[in-house]
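Asker: Let the hints inform the model, and build the full structure from the sequences given.
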Amino acid sequence: MKLKSLIYLISITLCLSFTGNAFAAWSANFLPPTADNPIMLIDLPNDLDMSILTTLTVELDGIDITAYLSPEGNRNFSYVPVESLANGDHHLRLMIINQDGSIDEKAQWTFSALNNPTTGSVSNAEQIAEAESWLRSASFATDTLTEFSYRFSQQNIDNANAPDRVMASSSGNARAVLQGEKWTVDMQTNYLLQSDKDLALTGNVIDIGDYTIAADYRGDEVKSGFTLGHHDVGLNSLLFSAFQRRGASARVNILDNKFAANIFSFRPDTQTGVDDFTGLSDSNNRLEGGSISIKPFSKDIDALKVTAMYYDGEGSTNGVAISDGAELSISGEAEIAKGSGWGVLAEKNLFKNKLALRGEFAHSRYDLDGDIGLAPEDSSSAISLAVDARPFDNLVLFDKTMDIVVGTKYERIDTFFASLGNQGMAADRNAVTVYNTLSWGGLSNTLQLARETNNVDELESFPTDRLRTIVWDTNYAFDPQKGALDWLGTPTLNFSGLVARLDRDKTPTGYVGPNTDSTTKSLTFGAVSSYKSWYWTASHTYTEVYDHVGTASDTVNNLSSLGLNWTVSERLSVNSSLQYSTFEDKDNNVTTTNTNVLLGFRSVLVADKLNFNLDYNLNLAGNDDDSLDRHTINGEIEWIIRQARNNHPGFTFAIRGSMETANGNTITTTGTNNTSNEIQHQVFAVLRISAPLSAGF
Numbered sequence: 001m002k003l004k005s006l007i008y009l010i011s012i013t014l015c016l017s018f019t020g021n022a023f024a025a026w027s028a029n030f031l032p033p034t035a036d037n038p039i040m041l042i043d044l045p046n047d048l049d050m051s052i053l054t055t056l057t058v059e060l061d062g063i064d065i066t067a068y069l070s071p072e073g074n075r076n077f078s079y080v081p082v083e084s085l086a087n088g089d090h091h092l093r094l095m096i097i098n099q100d101g102s103i104d105e106k107a108q109w110t111f112s113a114l115n116n117p118t119t120g121s122v123s124n125a126e127q128i129a130e131a132e133s134w135l136r137s138a139s140f141a142t143d144t145l146t147e148f149s150y151r152f153s154q155q156n157i158d159n160a161n162a163p164d165r166v167m168a169s170s171s172g173n174a175r176a177v178l179q180g181e182k183w184t185v186d187m188q189t190n191y192l193l194q195s196d197k198d199l200a201l202t203g204n205v206i207d208i209g210d211y212t213i214a215a216d217y218r219g220d221e222v223k224s225g226f227t228l229g230h231h232d233v234g235l236n237s238l239l240f241s242a243f244q245r246r247g248a249s250a251r252v253n254i255l256d257n258k259f260a261a262n263i264f265s266f267r268p269d270t271q272t273g274v275d276d277f278t279g280l281s282d283s284n285n286r287l288e289g290g291s292i293s294i295k296p297f298s299k300d301i302d303a304l305k306v307t308a309m310y311y312d313g314e315g316s317t318n319g320v321a322i323s324d325g326a327e328l329s330i331s332g333e334a335e336i337a338k339g340s341g342w343g344v345l346a347e348k349n350l351f352k353n354k355l356a357l358r359g360e361f362a363h364s365r366y367d368l369d370g371d372i373g374l375a376p377e378d379s380s381s382a383i384s385l386a387v388d389a390r391p392f393d394n395l396v397l398f399d400k401t402m403d404i405v406v407g408t409k410y411e412r413i414d415t416f417f418a419s420l421g422n423q424g425m426a427a428d429r430n431a432v433t434v435y436n437t438l439s440w441g442g443l444s445n446t447l448q449l450a451r452e453t454n455n456v457d458e459l460e461s462f463p464t465d466r467l468r469t470i471v472w473d474t475n476y477a478f479d480p481q482k483g484a485l486d487w488l489g490t491p492t493l494n495f496s497g498l499v500a501r502l503d504r505d506k507t508p509t510g511y512v513g514p515n516t517d518s519t520t521k522s523l524t525f526g527a528v529s530s531y532k533s534w535y536w537t538a539s540h541t542y543t544e545v546y547d548h549v550g551t552a553s554d555t556v557n558n559l560s561s562l563g564l565n566w567t568v569s570e571r572l573s574v575n576s577s578l579q580y581s582t583f584e585d586k587d588n589n590v591t592t593t594n595t596n597v598l599l600g601f602r603s604v605l606v607a608d609k610l611n612f613n614l615d616y617n618l619n620l621a622g623n624d625d626d627s628l629d630r631h632t633i634n635g636e637i638e639w640i641i642r643q644a645r646n647n648h649p650g651f652t653f654a655i656r657g658s659m660e661t662a663n664g665n666t667i668t669t670t671g672t673n674n675t676s677n678e679i680q681h682q683v684f685a686v687l688r689i690s691a692p693l694s695a696g697f
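In my numbering, the protein residues as written are 1 to 697.
Derived from the structure by calculation, the hints contain no laboratory data.
The structure displayed is predicted, hence computed values, not measured ones.
Hints may contain errors.
[Unchecked claim] Derived pair list, reagent style SDA-like, types lysine to any residue, alpha-carbon separation capped at 25 Å:
hint, residue 1, residue 2
1, K532, S561
2, K106, G88
3, K258, I157
4, K521, Y476
5, K223, F243
6, K223, F111
7, K521, T537
8, K609, I641
Answerer: Dropping the structure here:
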């Protein structure tokens with residue numbers, strides 16, 4: 001089932017990525033400023049899709065000015081420089097930001113400005129321009145929430161396992177940005193404090209989580225950058241996932257992506273905290289490599305792009321971590337996996353971006369237990385081919401715009417293929433997937449069909465299983481209802497499902513293992529709507545799993561849910577939900593039920609001074625389930641001593657409490673029927689300090 005889920009996620013991601021690209025052919029015009037009119041105007045097509053507008057970015061002389069653009073008429077943007085432009089030529093670029101974060105140029109214009117008279121001495125404007133070429137702006141912002149709590153009342157709480165009676169905790173985010181004329185340094189991190197080490201994320205009282213330090217230079221022909229901390233290396237392939245890891249990378253881009261190179265070194269696993277700050281200190285847990293991308297014939301957005309990539313490194317496998325980041329094997333020795341790999345990825349768009357082709361080959365060498373184990377080094381390969389098509393531009397049917405995307409993908413991943421740079425990828429599959437997305441008015445639909453087999457290397461002693469799946473997701477968004485039906489608001493209906501059949505394709509001669517033949521079906525019906533001051537949602541999911549050879553139990557599961565959020569007034573809001581599920585084990589004739597009720601209140605007792613929150617949760621088990629029924633109440637009354645403002649901390653005092661009761665009958669392993677009616681509660685006094693700080697020029 002993991003194999004099927006991975007194919008589904010990859011296929012849907014490809015389909016959505018295709019839809020998000022600016023595939024339609026369009027052009028933009030530019031009206032430069034004049035001596036009488038300093039306004040610059042970018043003229044876009046009137047029928048340009050709104051989804052494309054959100055992917056556009058504009059640079060003036062290498063500086064991003066997107067945030068300072070103003071709408072002008074229908075689909076147009078204008079910009080007025082904060083200061084008069086220096087004499088001479090200036091460059092304006094219109095670019096598209098793709099789903100993977102890469103940037104493609106749509107248009108560029110060069111214009112001249114003659115605002116400053118030429119004199120024999122250096123003018124004030126020239127002096128300012130020279131200073132700004134080094135540092136134009138600097139900003140710093142941090143937002144920290146600190147909480148001090150004291151548990152002054154409790155009942156039936158195990159002090160040996162309970163948190164400290166007095167605790168201090170804090171979390172926040174900080175960001176600093178330095179920007180010159182052609183360079184930018186962006187630094188950001190989150191940080192945390194937890195006085196109770198048992199609750200600390202990293203085991204340290206004060207620590208950081210993820211951080212990034214990125215320096216970028218944007219010249220006319222060359223762009224380069226260096227990043228330290230948590231980031232991805234811009235590769236999403238068979239060898240590398242887009243997972244953000246801690247490490248360092250350096251990149252260079254020449255002639256607007258006609259040539260790009262990237263070198264990197266990072267940890268293959270997740271790393272947080274100040275320990276191994278760079279991610280490079282442990283030679284037994286580090287990958288190193290690089291990639292080169294070229295557009296040999298043109299730098300256009302639809303030009304052929306070829307990317308070659310390579311890595312080599314080591315990474316810890318499942319075991320017990322030791323101080324140097326490696327792990328212990330059963331024998332007690334440090335156990336690490338070694339791997340290396342190379343790959344080639346080719347991408348090409350045709351027919352004005354209506355057809356996208358993508359092909360990839362990867363080769364991997366992987367040793368699961370490194371030098372100390374007996375497992376052999378595996379040499380294996382993988383191939384992936386994908387075709388996406390968007391055949392129509394501005395298709396209109398019954399006065400509604402229709403958009404259709406169709407695609408297919410073929411993957412062949414060897415049985416023992418593995419990469420330390422993409423550890424979550426499932427190996428041993430030969431799969432063909434066909435998918436389609438359609439949007440028409442308020443209707444949107446995604447459909448995927450896949451066929452997959454394993455035992456790719458055709459090992460003679462192993463059987464070959466086959467998985468066939470159909471996955472769909474259909475939504476219809478209605479217009480706002482009127483008249484007698486206006487209480488329905490603006491509803492959206494959903495119908496999604498999955499049908500999967502896993503059976504045996506080939507059985508080797510003399511095979512005595514279990515057979516494979518099962519069917520899984522899952523259907524979900526849902527509705528959601530908002531109307532004035534309230535919002536509601538409802539859904540039902542039916543799932544059945546039948547094992548036709550009797551090696552596992554046949555099961556049927558039903559899950560129904562309702563939710564309602566209601567803003568009664570400016571001072572009171574109510575949120576509620578109800579879930580009811582049944583689970584039937586057909587073979588053992590066992591049925592269990594579970595009911596979960598949530599009711600919450602948010603009330604402003606005194607505006608900007610006194611707030612009250614209360615949540616109630618009920619969990620009831622029934623039928624053949626002998627679990628205890630649980631009632632949980634969480635509440636807080638909050639007094640705002642001072643509201644937090646920028647560079648002015650805010651203070652809040654609160655009394656917070658929780659109570660849980662567990663009651664009912666449970667049957668022990670000895671057959672004894674025990675009755676429980678235990679009440680637990682905790683009450684805390686809390687002081688919160690909120691400190692949003694910022695500065696800049």
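Asker: Verify the proposed pairing of K521 with Y476, using a straight-line Cα cut of 25 Å.
Answerer: Since the Cα atoms of K521 and Y476 sit roughly 22 Å apart, the hinted pair holds (cutoff 25 Å).
Asker: Given the proposed pairing of K106 with G88, does the C-alpha separation stay at or below 25 Å?
Answerer: holds (24 Å)
Asker: Does the structure keep K258 and I157 at a Cα separation of 25 Å or less?
Answerer: violated (65 Å)
Asker: Given the hint that K223 pairs with F243, does the C-alpha gap stay at or below 25 Å?
Answerer: Holds. K223 to F243 sits at ~24 Å (cutoff 25 Å).
Asker: Taking only the CA atoms, is the gap from K223 to F111 under or equal to 25 Å?
Answerer: Roughly 22 Å between the alpha carbons, so the hint for K223 and F111 holds.
Asker: Sort out whether S561 lies within 25 Å of K532, counting only the CA atoms.
Answerer: Judged against 25 Å, a Cα distance of about 22 Å means the pair holds.
Asker: Can you confirm whether the C-alpha distance between K521 and T537 stays at or below 25 Å?
Answerer: It holds: about 23 Å lies between the C-alpha atoms, which stays within 25 Å.
Asker: Need the status of pair K609, I641: alpha-carbon distance at most 25 Å?
Answerer: holds (7 Å)
Checked against the numbered hints given earlier, the structure breaks only hint 3 and satisfies all the rest.
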